[in-house]
Amino acid sequence: MIARGKRAWGGGARECGRSWLAVALVACWGLLAVRCTPAPVYRDRLPGAREERSRRPAVSARPVGGAAAREAGTACGEGVAGSGPASGAAGAGAAPGEAARAYQTGLASYYGEPGEPTASGAVMRPDSFTAAHRELPFGTIIRVTNLENGRWVDVEVNDRGPFAEGRIVDLSRAAADRLGMLEVGSAQVRIEIVSAAE
Amino acid sequence: MVDLAVRIAGVTFANPVLLASGTCNYGEELSALIDFARLGGLVTKTITLRPRAGNPPPRTVETAAGMLNSIGLQNPGIETFAVVHWPFLKALPTRVVVNIAGETVDEFAELAARVDALGGVEAMELNISCPNVSKGGMLFGSDPAAAAAAVGAARRATRLPVIAKLTPHVADIAEVARAVEAAGADAVSLINTLVGMAVDLERRRPVLGGVTGGLSGPAIKPVALAMVWKTARAVRVPVIGIGGIASARDALEFIVAGASAVQVGTATFVQPRACIEIAEGIRAHCEQRGVSAVGSLVGSLIVRGPRA
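Going down the list, the protein sequences come from chains A and Z.
Each residue of the first sequence is one higher than the last, beginning at 1 in this note's numbering.
Each residue of the second sequence is one higher than the last, beginning at 1 in this note's numbering.
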C-alpha cells in the first residue's frame, strides 16, 4: 500500500485516481487511532503501550545541537517570562550515553546599537540572533544555553569580542532576551557548536 | 557538501523540511517508519487547554488531488500531553515545535506559558487558522486584530519563538502577517487548509460528519505558493511554506518564492518518508546546481516588470 503510493503525484493527472486511492487508504490507517478510540481514552494509556516504548533502542545522534543541549533545556522551570529565577539544575549533564559537546562555558553579556558595523562587515541588528566571539569563525552557528535557567538560543557569530575580562560571548539583544538575561545583563552560559562556518 | 540547515528565530533546523501539524500526531506512530534525525523538525498535532473529542465521523475523504479532513482538533489536552506524549517527543533527535490553539485570547496566553514550562520545546506554533472548530481557530486568523491579540497574548507569556499559522481565508494574507509580526510573532507559517465540502449524491448527505472540512494536498499548492510569495514580500520575519508539498521540486518552489522552510503534511499519508525524501531531493538539487547553502535560494524568485 505504501509502496504503491510512493510515486503518487509524480506521474501527472493520469495516475491521480490510483495514487489518491492510496492516499485514502493510508490516511485511514494513519487516523485509525483517532477514529477507533473512544475519547478521551488514549492508546498510550493502555497497559503495555508505554513499557513497549521505553524498551526501544535509544534514538540516534541529533543532526544539529544535540541531546545534551535539549537535556539541559529540560530543567527550564520558568513558566512565564519574568516570573523569577528557575532551578539551577539546568546544564547538569548530558543525555545518557551522549557526551556533552560543550565548546566553552563562562559568562555572557549582550551589546549592540542598531546600525553599528560588526567585525564581519554585517550591520548590527539587535533584533537578529547574532553573537560576538573572540575566535570562532564568522558564520559559525553556536547554541548558547543559559545555565541559570536552561533556556537556549542558536546564534551566528558575526562579530569579535567581548573584550571585557572574564566574558566568553557577547549576544545580540534578541538572543539575550531569549535567554532571559536582559535585566541582569549577564549570565553563565554553555556554548556548543551547532554548525561550523563554511 | 551542501548546507541544508536553516535558522528561524534563533532555532537551527537540520534541513528546511518539517512534518506539518496534524499529520504526524505526537510522533509515536511514525517512529517505526522513519528516522527522525533526518527530519528538519516536527510540528505536533494541535494541543488545546482541555481535552477535545473532535468532530463526528467520517472525518476524512479523498478528493481530486487532495483530501478533506474534519478532525475538529481532537487531542488529550495540555495536561495529558505533558505527561503522556511530551517525554517521548523531547527525546526525539529532531527539533520539536509544539502547536497550540486557544478558544480565547487568555487561553493562548495560558497555553503558551504551559508549553514554555514543558522545557525542551524549540518553538511554538499558534493555530489561529483551523477551519473545523466553532470557537477560536480560523475566527482568530481571519481578522488581523484578533490574530494580533492571540499572538500578543502568547508572546507576553513566553520567551520561546512564536510562529503564527495563518489561514488562506482572508482578503489579504499579507495584512494578517504584518499584524501578527507587529504583535511579536517570530515567524509565520502558511497556509492552513482551505474550507471544502464533499457530497454523497446517492444519500444526499455531506460525506464528512462535520459537513465541511479542510482541503489539503497538491490541489492547494498554487494557492499556497501565491500566498507565501505575497507574505514573504510583506514581512521581515521568516515565512514557513505549507500547502500540497509532495516533492523536492514543490519544496524548492516555495523556498524560491520566499519560504525559509517548509512543512509537509498530506504527502506523509501517501509516503511516511516523504519529508526525508524531499530533504534529500533538495540536497541533490543544490549539489547539481552548485548551490552551497539552501538558505541562498530563499526568496530568489525573479519577477520581471511591475504587475498590473
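Think of the hints as simulated: they come from the structure by calculation, not from any bench.
Careful, some of the hints might be misleading.
Partner residues aside, some chain A positions facing chain Z, computed with beta carbon under 7 Å [what the hints assert, rightly or not]: (1) I141; (2) V153; (3) G180.
Listing some non-contacts, in silico: residues in chain Z with all C-beta distances to chain A over 10 Å [as the list claims (entries may be wrong)]: (4) A145; (5) V256; (6) G305.
Using 25 Å as the maximum straight-line C-alpha spacing, the simulated SDA-like pairs for lysine to any residue come out as follows [unchecked claim]: (7) Z:K90 / A:R101; (8) Z:K230 / A:S128; (9) Z:K230 / Z:V303; (10) Z:K90 / A:F163; (11) Z:K135 / Z:V207; (12) Z:K90 / A:D177; (13) Z:K230 / A:D127; (14) Z:K90 / A:G139; (15) Z:K90 / A:Y103; (16) Z:K90 / A:E148.
All C-beta atoms, glycine included, are put in the ideal place defined by N, C-alpha and C.
Comparing the hints with the structure gives:
1. I141: holds (6 Å)
2. V153: Status holds, d = 4 Å.
3. G180: holds (6 Å)
4. A145: holds (23 Å)
5. V256: Given that every Cβ of chain A is farther than 10 Å from that of Z:V256, nearest at about 19 Å, it holds.
6. G305: Holds: least Cβ distance 30 Å, greater than 10 Å.
7. Z:K90 / A:R101: holds (18 Å)
8. Z:K230 / A:S128: holds (22 Å)
9. Z:K230 / Z:V303: Holds, at about 12 Å.
10. Z:K90 / A:F163: Violated. Z:K90 to A:F163 sits at ~37 Å, over the 25 Å cutoff.
11. Z:K135 / Z:V207: holds (23 Å)
12. Z:K90 / A:D177: holds (23 Å)
13. Z:K230 / A:D127: Roughly 23 Å between the alpha carbons, so the hint for Z:K230 and A:D127 holds.
14. Z:K90 / A:G139: Roughly 28 Å between the alpha carbons, so the hint for Z:K90 and A:G139 is violated.
15. Z:K90 / A:Y103: Holds: Z:K90 and A:Y103 sit about 23 Å apart, inside 25 Å.
16. Z:K90 / A:E148: Given that 25 Å is the threshold and the Cα spacing comes to 20 Å, the pair holds.
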